[in-house]
Amino acid sequence: LAKTTQPISMDSYEGQEVNITCSHNNIATNDYITWYQQFPSQGPRFIIQGYKTKVTNEVASLFIPADRKSSTLSLPRVSLSDTAVYYCLVGDTGRRALTFGSGTRLQVQP
Amino acid sequence: DAGVTQSPTHLIKTRGQQVTLRCSPKSGHDTVSWYQQALGQGPQFIFQYYEEEERQRGNFPDRFSGHQFPNYSSELNVNALLLGDSALYLCASSPWTADNYGYTFGSGTRLTVV
Numbered sequence: 006l007a008k009t010t011q012p013i014s015m016d017s018y019e020g021q022e023v024n025i026t027c028s029h030n031n032i033a034t035n036d037y038i039t040w041y042q043q044f045p046s047q048g049p050r051f052i053i054q055g056y057k058t059k060v061t062n063e064v065a066s067l068f069i070p071a072d073r074k075s076s077t078l079s080l081p082r083v084s085l086s087d088t089a090v091y092y093c094l095v096g097d098t099g100r101r102a103l104t105f106g107s108g109t110r111l112q113v114q115p
Numbered sequence: 007d008a009g010v011t012q013s014p015t016h017l018i019k020t021r022g023q024q025v026t027l028r029c030s031p032k033s034g035h036d037t038v039s040w041y042q043q044a045l046g047q048g049p050q051f052i053f054q055y056y057e058e059e060e061r062q063r064g065n066f067p068d069r070f071s072g073h074q075f076p077n078y079s080s081e082l083n084v085n086a087l088l089l090g091d092s093a094l095y096l097c098a099s100s101p102w103t104a105d106n107y108g109y110t111f112g113s114g115t116r117l118t119v120v
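Those sequence lines, one after another, are chains S and Y. Sequential numbering of the first sequence, starting at 6, is according to my numbering. Sequential numbering of the second sequence, starting at 7, is according to my numbering.
Note that these hints are calculated values from the structure, not bench results. Take the hints with a grain of salt, since some may be wrong.
DSSO-like mimics (lysine-lysine), calculated; alpha carbons at most 30 Å apart, straight line [stated by the list, open to error]:
| id | chain 1 | residue 1 | chain 2 | residue 2 |
| --- | --- | --- | --- | --- |
| 1 | S | 59 | S | 74 |
| 2 | S | 8 | S | 59 |
| 3 | Y | 32 | S | 57 |
| 4 | Y | 32 | Y | 19 |
| 5 | Y | 32 | S | 59 |
| 6 | S | 74 | S | 8 |
Produce the complete structure using the sequences and hints provided.
Take a look at the structure:
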């Protein structure tokens, strides 16, 4: 499984756009990139998944360059409720065990 | 549509005891995975069940065992509890036949071993 590297923590203010970048230099051809969000004392929640280029849903956007060695999760106009840990995962199918790193702890200030 | 349900939400056990945690998957999901999350760490994969069989297993000792029932619900058993087993235990479900599908996690069971 491809190893991922992401910042340990980030700070932002309400209303700002937040971009969290994840590096995955050894990503395999069949691997997808998936992001999860976790609030304290809750399980991770699936946010977005992509293979290449750009994916957008009602929560976030995911930007993946052509070489796929990195990806950026973009959260538009964050609010206090977006304070959470964000995990970047790389893997080939939904059946495989998920490998979580330590994630990025996002703190949104008023 | 109920999501993943785990019970109990909190549990305190004494070192050396045995514990059983329970999980009901999201409706329509037939695959259940268990994860252990220590404080400040990401979840670590324990094992996965499909068709009542263990399909994958992470780097956990045999003290950790599981079961899946015909209705797809699952149990996680931990024997001879150690202080280091204190963690949030998460259950995740997904459809076996779906590729690249996001898992649905429960809120977990907080196990404290004293």
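Structure-based check of all given hints:
1. S:59 - S:74: Given pair residue 59 (chain S), residue 74 (chain S) holds - Cα atoms ~14 Å apart, limit 30 Å.
2. S:8 - S:59: holds (21 Å)
3. Y:32 - S:57: Distance ~29 Å between residue 32 (chain Y) and residue 57 (chain S) Cα, so the pair holds.
4. Y:32 - Y:19: holds (28 Å)
5. Y:32 - S:59: holds (29 Å)
6. S:74 - S:8: Distance of about 11 Å is within 30 Å: holds.
In the structure shown, no violation is registered for any of the earlier numbered hints.
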